[in-house]
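Visitor: Turn these sequences into a full structure, and let the hints steer you where they fit.
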Amino acid sequence: MASTAEGMKSLLEDRVVKSKWPARLDLAQSLSGLGLGLFMWTHLILVSSILFGKDAMLAITHVMEASFLTPDEAGGYTLIPALTAVGVFGLFIVHACLAMRKFPSDWKAHKTFRSQMAMMNHSDTNGWYTQVVTGFIMFFLGSVHLYIMATQADKIGPQLSADRMWTYGMWPLYLILLFAVEMHGAIGMYRLAIKWGVFDGKDPRATRKRLKVLKTLVTVFFLSLGLASLAAYVKIGIENVENNRVGERYVAGQEG
Amino acid sequence: MSQSNGTAQKGRTLKFHILRFDPQLKGDKPRMETFEIEEQDSMTIFIGLNEIRKKYDASLQFDFVCRAGICGSCGMVINGRPDLACRTLTNTFPDGEITLLPLPAFELIGDLSVDTGKFMRNMSERMENWIHEEPDAEPRKLTVLEEKMDPDVATEIYELDRCIECGCCVSACGTARMRKDFLGAVGFMHVARFEMDPRDKRTDEDWYDLIGDDDGVFGCMSLMGCEDNCPKDLPHQNRIAYLRRKMVSAGT
Ligand code: HEM
Chain A
-3 MASTAEGMKS LLEDRVVKSK WPARLDLAQS LSGLGLGLFM WTHLILVSSI LFGKDAMLAI
57 THVMEASFLT PDEAGGYTLI PALTAVGVFG LFIVHACLAM RKFPSDWKAH KTFRSQMAMM
117 NHSDTNGWYT QVVTGFIMFF LGSVHLYIMA TQADKIGPQL SADRMWTYGM WPLYLILLFA
177 VEMHGAIGMY RLAIKWGVFD GKDPRATRKR LKVLKTLVTV FFLSLGLASL AAYVKIGIEN
237 VENNRVGERY VAGQEG
Chain B
5 MSQSNGTAQK GRTLKFHILR FDPQLKGDKP RMETFEIEEQ DSMTIFIGLN EIRKKYDASL
65 QFDFVCRAGI CGSCGMVING RPDLACRTLT NTFPDGEITL LPLPAFELIG DLSVDTGKFM
125 RNMSERMENW IHEEPDAEPR KLTVLEEKMD PDVATEIYEL DRCIECGCCV SACGTARMRK
185 DFLGAVGFMH VARFEMDPRD KRTDEDWYDL IGDDDGVFGC MSLMGCEDNC PKDLPHQNRI
245 AYLRRKMVSA GT
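Chains as they are written, first to last, in the working numbering: chain A, -3 to 252; chain B, 5 to 256.
Quick caveat, the hints were computed from the structure, so don't treat them as lab data.
Take these hints with a grain of salt, some might be off.
[Said to hold, decoys possible] Straight-line distance between alpha carbons at most 30 Å, and here's what the computed DSBU-like set of lysine-lysine pairs gives: (1) K236(B) with K198(A); (2) K152(B) with K198(A); (3) K250(B) with K107(A); (4) K107(A) with K152(B); (5) K122(B) with K236(B); (6) K16(A) with K145(B).
[As the list claims (entries may be wrong)] Derived contacts from chain A toward chain B, CB cut-off under 10 Å, selection only: (7) K14; (8) W17; (9) I56; (10) M60; (11) P100; (12) K104; (13) A105; (14) S119; (15) T121; (16) G123; (17) T147; (18) Q148; (19) K151; (20) W192; (21) R206.
[Said to hold, decoys possible] Have a look at the derived ranges for each label pair, beta carbon to beta carbon: (22) K33(B) with K107(A): 33 to 41 Å; (23) K59(B) with S119(A): 33 to 41 Å; (24) D99(B) with S119(A): 38 to 46 Å; (25) F99(A) with S63(B): 53 to 61 Å; (26) Q148(A) with D237(B): 24 to 32 Å; (27) S63(B) with K208(A): 39 to 47 Å; (28) D99(B) with E235(A): 49 to 57 Å; (29) R130(B) with R20(A): 21 to 29 Å; (30) D237(B) with P168(A): 40 to 48 Å.
Please read these numbers as outputs of a predicted model, since none were measured by experiment.
Just so you know, even glycine gets a beta-carbon here, dropped at the ideal spot from N, CA and C.
Guide: What follows is the structure, encoded as structure tokens:
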């Protein structure tokens, strides 16, 4: 009896401590978004090496596969890109789980948000909705892409990647994914800066104006780069079909 | 408030489209009504509304007290943006079309009048918007002068104390509209104000207890509706980011 009473007493005396989790989850959401955002920008720059020709892209592929560590400096460790894809997939899932908490919870909330958008026509409010829609699209398209990369990392290269786009019909998925990622990522990175006040400095308002311009420029730049690269791969893919070369690996220096 | 910038051609006809609805009246349905009045020099929405009430319809409901942007009563949605009727000049709308809606997110009293008081009182009680001394502090002697405050701190506190609780930040906030329990920017401005006050002895843990969750600062999705629609230009963006950083370091 006495011990129960003791227990009750301590229960009453215990301060109800507020959970630390909301703080951790908010930080984790932002860090995962930051990680993905930086990865996506780097990724697209690497991928766009195809604009400088097949040899440039092959060289980048070899660096990413650490082929300079292999005896003959050809081929490489395709486990590296495979594991990278697995890691990014993990981060992607973590980020999606955390960001999903913010989705409108039901039809009514969604309707309210839409009417708020219609009433205000306010760019940052609209941008958030764009993030929700593009995020939702990425659930599906991003997963397909990441799964393929994780399982077929050995088939990355100037010709094999082009075949994947054209002969294996991935280009429509990449086209949609490009828009989704670049819009979502640029808005997200802008939001991160505002949300945490990273670049606020002496005049946070002026900073925000500048960041907004930067966000637009970055979006246009990466969309253009992405579209140009996509076109380059598709062109190679078509040529491969015409030349009966589908599935053939490109060899360094093969085309000049 | 800026002076008339000359775009107001005196005598121009303004069209006020106003939401009419009396929730007390059985069977009444929300509808838009249009009133035409002649624009005067330096006319504000508030003056226009009075004109309409005088000329057309004495039953038109809207709130005001000070007519000078201090009392926070005349907040309403003016052409899509929450703002104060007494501080918005009609000449800011070149086509002379002015649509007025009551502030969303608050209980509607009728037409353009809403009950921000209930919300603000609830917010104040939730955030305990008063100076908290040490729990075991001696009661203050009213005959003894308070310690001096650093003028810079006083200025910063005053900057946040300019909040008039008009409710525009809450109505402009997509998050607050979607989630009823979300504190809203007005609450964050008050927390930031007391957190900065050296006389308030609440610790970071105490603040975390108040705003360390998704109804508080972690619920803010940085949509910046508050920042862009505050009639008093309070530093929402910067202060909410500050609170977020502070609460993350208190919480991790
Ligand atoms: C299934 C995939 C994804 C979903 C469902 C998703 C969803 C979301 C949502 C709803 C937000 C807004 C969260 C908020 O307002 O608090 C958000 C923020 C963000 N997202 Fe994503 N996203 C996904 C993938 C990505 C990817 C691939 C990137 C990188 C390009 C990214 C970068 C960001 C960034 C930087 C933010 C801002 C983070 C923050 O405010 O804390 N997201 N995401």
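Visitor: Each of the hints needs a verdict: does it hold here or not?
Guide: Hint check results:
A distance of roughly 19 Å separates the Cα atoms of K236(B) and K198(A); the hinted pair therefore holds under the 30 Å criterion. Taking the CA atoms of K152(B) and K198(A), the gap is near 27 Å; set against the 30 Å cutoff, the hint holds. Taking the CA atoms of K250(B) and K107(A), the gap is near 33 Å; set against the 30 Å cutoff, the hint is violated. Distance restraint check for K107(A) and K152(B): the Cα-Cα separation of roughly 51 Å exceeds the 30 Å cut-off, and the hinted pair is therefore not satisfied.
Using a Cα cut-off of 30 Å, the hinted pair K122(B) and K236(B) holds, with the two alpha carbons roughly 21 Å apart. Restraint check for K16(A) and K145(B): the C-alpha separation of about 38 Å exceeds 30 Å, so the hint is violated. A least Cβ separation of about 5 Å between K14(A) and chain B falls short of the 10 Å threshold, and the interface hint therefore holds. Taken as an interface hint, W17(A) checks out: its beta carbon lies about 8 Å from the nearest beta carbon of chain B, inside 10 Å.
The beta carbon of I56(A) is not positioned within 10 Å of any beta carbon in chain B (closest approach about 35 Å), and the interface hint is therefore violated. Against a cut-off of 10 Å between C-beta atoms, the interface hint on M60(A) is violated, since the closest Cβ of chain B lies about 34 Å away. Because the closest C-beta pair between P100(A) and chain B is about 6 Å apart, less than 10 Å, the hint holds. Restraint check, K104(A) versus chain B: the minimum CB separation of about 9 Å is within 10 Å; hint holds.
Interface hint status for A105(A): upheld, as the beta-carbon distance to the closest one in chain B is roughly 5 Å, under 10 Å. With its C-beta approaching chain B no nearer than about 9 Å, S119(A) sits inside the 10 Å limit, and its interface hint holds. Hint on T121(A) holds. Least Cβ distance to chain B is approximately 5 Å, under the 10 Å limit. With a least beta-carbon distance of about 8 Å to chain B, the hint placing G123(A) at the interface is held under the 10 Å criterion.
A hinted interface residue such as T147(A) counts as satisfied when its beta carbon comes closer than 10 Å to some beta carbon of chain B; here the least separation is about 35 Å, so the hint is violated. Evaluation of the Q148(A) hint against chain B yields a violated restraint, the C-beta minimum of about 37 Å exceeding 10 Å. For K151(A), the shortest C-beta to C-beta distance to chain B is roughly 40 Å, which exceeds 10 Å, and the interface hint is violated. Hint on W192(A) holds. Least Cβ distance to chain B is approximately 6 Å, under the 10 Å limit.
Because the closest C-beta pair between R206(A) and chain B is about 13 Å apart, greater than 10 Å, the hint is violated. Between K33(B) and K107(A) the beta carbons are some 19 Å apart, a value that contradicts the proposed interval 33 to 41 Å. A C-beta distance of roughly 38 Å is found between K59(B) and S119(A), which places it inside the suggested range of 33 to 41 Å. The hinted window of 38 to 46 Å between D99(B) and S119(A) is violated, with their beta carbons roughly 22 Å apart.
Checked against the hint of 53 to 61 Å, the pair F99(A) and S63(B) fails, with Cβ atoms roughly 42 Å apart. Separated by about 55 Å at the C-beta atoms, Q148(A) and D237(B) break the suggested range of 24 to 32 Å. Remark: the range hint 39 to 47 Å for S63(B) to K208(A) is upheld by a beta-carbon distance near 44 Å. Look at D99(B) against E235(A): about 56 Å separates their beta carbons, and that is inside 49 to 57 Å.
Restraint check, R130(B) to R20(A): a C-beta distance of roughly 23 Å satisfies the suggested window 21 to 29 Å. Judged by the Cβ atoms, the range 40 to 48 Å given for D237(B) and P168(A) holds: they are separated by roughly 47 Å.
Checked against the numbered hints above, the structure breaks hints 3, 4, 6, 9, 10, 17, 18, 19, 21, 22, 24, 25 and 26 and satisfies the rest.
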